Amino acid sequence: MALAPGDELEPLRVTPDRYLTIRYAGASGDFNPIHHDEDFAKAVGLPGCILHGLYTMAQVARAHTDAGGGPQSLRRLKVQFRGMGMPEQELTVTGTVTDVTDGIASITAHCEQNGKRIIRNAEAELLVGE
Amino acid sequence: MAVNTDVIGKTYPATTYAVGREKVREFAYAVGETNPLYLDVEAARAAGHADVVAPPMFAVVYGAPAVAQGMFDPDVGIDFARLVHAGQEFEWGPLVVAGDEITTTVELADVTERAGNGFFVFQSTAVNQRGETVCVGRWSNIVRAA
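Residue numbers (the working numbering), protein chains in the order written: chain A, 1 to 130; chain C, 1001 to 1146.
Next up, chain C with everything else stripped away, as it sits in the complex:
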C-alpha cells in the first residue's frame, strides 16, 4: 500500500474517560484477575485506595477512544480488512482507581512502508484528574500488502 507520511505527528482531540467501579470489575473478570484490589471495594480501601484499582491492562479501555480517532482517520487510511495489531507497549505511572477521570491525547508517532506493508504507530499519553501521567502507550499496527 502507498502510505501517507504527511500525517506523521498528527494529533487528535483529547478524550476523557470516567473510570467506573463495575467496568473495572468486568474487565478484571474478563482477563482472569483474582486480586481483590480489582474486585472488592473494601479490600481496595483497606489497602489505602479510594476504590477498586484498575488492572494495568485497563489502559486499553481508557486509551482506546483516543486511539480510535487515529485508527479511523481517513487521512491515515488504515484498511481494517488487512489490519494486524503488531505490538503494544505501556509504561505506567500512579495506579488508576474507580472514580478517576483519565484524559488521553494521541499522536501518530510514525508511518512507514516496508515491502508493501504499512506500519502505523500511535503514541498515547493518559493523565489523571490530578495531572499525573498514569500511562504512556505505543500502539503498533501493520496493514498488510494487498
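Next comes chain A alone, as it looks inside the complex:
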C-alpha cells in the first residue's frame, strides 16, 4: 500500500461496552481490580472502573494493522499512557505519517476520549512496501 508523509490513518472509533474490561481481563490475564470492581476502583480514588492501558494500546495497534494490511505490517509501537480511559465512552485513534524510508512508514498516533488524549505521540513503524 502507498503511504506518504502527511497522510492520515483512517480514524478508528470504538466504544468499549460496560463489560469490556472483564472480557479483556480474562483474555489478557490482567486482573487488577481497578478494571472490573467499581467499589475497589472508587476506594482507590478512581472515578470508576478504568480501561486497561494495554487495551487502549491494542486499539492504536489495530488502527495501524488495518492501515498496513495485516498483522505482519506492524514492526514497532511505542506508547505512553497519559490518562485514564473509561468504558462506555468512545475512543478515537488517529495517526499521521511523518516519514517513509525503505518501505517503512513512521507514524505518530494518538488515542482520544472526550477530547483528551489518553495516548499521545505514540510512535509506530509500519511496513508499507516500496
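Think of the hints as simulated: they come from the structure by calculation, not from any bench.
Do not take every clue at face value.
[Unchecked claim] With a Cα cut of at most 27 Å, we get these calculated BS3-like pairs of lysine-lysine:
id : chain 1 : residue 1 : chain 2 : residue 2
1  : C       : K1010     : A       : K78
2  : A       : K42       : A       : K116
3  : A       : K78       : C       : K1023
4  : A       : K78       : A       : K116
[Unchecked claim] Each pair of labels, with its calculated beta carbon distance range:
id : chain 1 : residue 1 : chain 2 : residue 2 : range
5  : A       : G6        : C       : E1026     : 36 to 46 Å
6  : C       : N1117     : A       : E123      : 15 to 25 Å
7  : A       : D102      : C       : E1132     : 13 to 23 Å
8  : C       : G1093     : A       : T101      : 18 to 28 Å
Please read these numbers as outputs of a predicted model, since none were measured by experiment.
The C-beta atom is built at its ideal place from N, Cα and C for all residues, glycine as well.
Start from chain A and add chain C according to the hints.
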C-alpha cells in the same frame, strides 16, 4: 519512595507459553479485531499460516508471565497500590501463530527515582520454538510517591 538500584540488570527464569487457538480468538474478540487471520483457521491457512495468527498485542499474553516475576519480586519492591503503567513499547519479528511455543526472558533494565516517584523498566525478549525473536518489549511502570 526509596528505590533499590542494586537490582538493575537482574534477570528472571525464562517462561514458556504455548499459544492456543482459542486463546488467540478470545484475545482477538476482546480487543475488537475482525481480521479473519486471527479468527478463522481456514482463512489463516489459505494465507499461508499454520494456524490462526496472534494479533501483535497478543505479546502481552505470552510476555506477562515472565514480566510478572519482576513485578512481584520483593527485591524490586513495587507497591501495587501506587502502581501506574506508564508506557509500553513492542518491536515485532515474525508472526506468532497458534501452536507456537514462545519463551520469554526478562531483565530489569532500569530503576530510577525522580521527585519521589519510582520508575521501573522491564525488558522482555520473546523467542519462538525456531529460535526467532518474535517480540522485544519494554514495560515502563511508575510507583507514585507516597
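Point to revise | Satisfaction of hint between A:K116 and A:K78, Cα-Cα up to 27 Å | key: holds (19 Å)
**Study point:** Satisfaction of the hinted span 18 to 28 Å by the C-beta atoms belonging to C:G1093 and A:T101
**Key:** Taking Cβ atoms as reference, C:G1093 and A:T101 lie about 20 Å apart, which means the hint holds.
Exercise for review: Take the C-alpha atoms of C:K1010 and A:K78, compute the straight-line distance between them, and say whether it is at most 27 Å.
Suggested key: Holds, because 23 Å separates the two Cα atoms, which is no more than 27 Å.
Review point. Between A:K78 and C:K1023, does the CA-CA distance stay at or below 27 Å?
Key: Given pair A:K78, C:K1023 holds - Cα atoms ~24 Å apart, limit 27 Å.
Point to revise | Range hint compliance [Cβ, C:N1117 to A:E123, 15 to 25 Å] | key: holds (23 Å)
Practice item. Please work out if A:K42 and A:K116 have their alpha carbons no farther apart than 27 Å. Key: Roughly 21 Å between the alpha carbons, so the hint for A:K42 and A:K116 holds.
Practice item. State, for the Cβ atoms of A:D102 and C:E1132, whether the hinted interval 13 to 23 Å holds or is violated. Key: holds (21 Å)
Point to revise | Beta-carbon spacing of A:G6 to C:E1026 - inside the hinted bounds 36 to 46 Å or not | key: The hinted range 36 to 46 Å holds for A:G6 and C:E1026, with Cβ atoms some 38 Å apart.
In summary, the structure agrees with every hint in the numbered list given earlier.
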